[in-house]
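Chains as they are written, first to last, in numbering that gives the first Met the number 0: chain P, 0 to 316; chain W, 0 to 219.
Mixed in with the good hints there might be a few duds.
[Stated by the list, open to error] Here are the computed lysine to aspartate or glutamate pairs in the DMTMM-like style, where the Cα-Cα straight-line distance is at most 20 angstroms: (1) K126/P / D142/W; (2) K292/P / D211/W; (3) K71/P / E84/P; (4) K126/P / E4/P; (5) K292/P / D142/W; (6) K85/W / E4/P.
Source of the hints: derived by calculation from the structure; they are not laboratory data.
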Amino acid sequence: MIGLEPLNTLAGLMFAAFAASHAADRNNRWRWRSAVFWGCFALLLLAGTWLPHLASGALVLVMVFVSTIGLKPGADTTTSQAQREASAGRLRDRLFLPALTIPVVTLLGTIFLPKFSWGGAPLVDAKQVTLVSLAVGAAIALLFALRLTRVHLPVAAKEGRRLVDAIGWAAVLPQMLAALGAIFAAAGMGKVVAGLVTTYMPMNLPLVAVVVYTTGMALFTIIMGNAFAAFPVMTAGIGLPLIVGRFGGDPVIMSALGMLSGFCGTLLTPMAANFNIVPAAVLELPDRHAVIKVQAPTAFVLLIANTALMAAFVFHR
Amino acid sequence: MLVLSGIAVVVIGFALRINPLLVVTLAGLVTGLAAGLDPPAVVALLGKAFVDNRFIAIAWLVLPVIGVLERGGIRERARALILRFKGATAGRVLTFYFLARQLASTMGLTSLGGHVQMVRPLIAPMAEAAAARVAPLDNQTRDTIRANAAAVDNIALFFGEDVFIAIGSILLIRGFLAQFRIDAAPMSLAVWAIPTAVLAFVVHAARLWLLDRRMARRRA
């Protein structure tokens, strides 16, 4: 059965190639910083399953140290503007096909891969079908793109390195935040926050309970970076006992709008790094909070709207 | 109460704009120590939690193909393509992408999009080219357009996917309510995501229209 392990290995090999490319970059005085950073990351992806946890933790600390003093990647070489214009003129709309191959293969994979089996067991782990499909889509698209633009695999490693250098440490941040979420959960953070909110809020009115629940969802999501982490805490702490229990609200309407209130929080927080910080790096924006600033007005309007919708409809059965 | 010190580290660290990777790591270490673990156990906990979340790195497998396509001129081609549409502006390009991304998400097609796969090689260059037709782009305007392109990808996804009955958040709500013996039909949860979805489009399309006006006025 194909699960996550082969995919981790594939991603590990890719980052190992980036690290090797940095190590060989003799023109850059600081080449070892990038080489060590991506090398440690590659090692964690390749060997994380059987490394002792303490050793994994030490590798993570090395990465954090190197990124704190600055990665300083060497210059990345690619085609010139004129070469790209000429290539775009020659290949025209065919250039879009490999890019569209990724979502199409991902989609087909999520539909059809679960139907295949190998020796009685499913071919692909049902829980990982989307990620497996994405990896297959990326691989097929890469072969397609290499053929189309008539270059070989080492060029793909070089171009991939160019993008990962532009993104830098932000590429690792979502994973580090997920790790922080796990540590928060292990330390019992959710219960403490829910206790604080319910102890200090006067909630004798249905409307106050609704406002505290929706803004609490947004605020807790801002802290945790993830509405999925906030939902159980806020709903068990405030939603079900007060809005449903005391005031007789509809749990379905409350939950649906509560989750959407959490999503408003996701738009506002650097803790949701893969949505907010990584794209700023991917698009090479100097202000790492630029995306959050654009999203904020829409997020506030939608949070107020969700609160109003809940206040208007949750108590009418 | 001591476990909240981790949150304090995050808030202060982000406010002072210290390297987020360092801030998050320190927050994890502080939280672990506050929960009564000894230092090696905290480092091991950090290592285990990081390794347990390796699946997040798999999405980066798209980097090489996007890099190769950029080398082959995909961004230049995206710019040329949008210039064929006479009425295209940055705001209109992004509004169209919002609609497409949101509608695809309501049907569960959340993989049609993404910052690395779609926004960087295609959507941002198209919006930039549409705006550059009026006057050359200065860096600030270009960055504003790019930030808006990234925001559209997020907002359209978040307020589209919940209309689809088999998406993660709907399943999470269902599973959670089931623990309390409340049966929530996926359909009724999804229906209550529709008003916010429509409003998200209206509000954000209006803001993109204002963005067009603001850029036009600034460069007039």
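The hints, checked one at a time:
no. : hint            : verdict
1   : K126/P / D142/W : 38 angstroms, violated
2   : K292/P / D211/W : 17 angstroms, holds
3   : K71/P / E84/P   : 29 angstroms, violated
4   : K126/P / E4/P   : 13 angstroms, holds
5   : K292/P / D142/W : 12 angstroms, holds
6   : K85/W / E4/P    : 49 angstroms, violated
Hint compliance for this structure: hints 1, 3, 6 are not met, and every other hint is.
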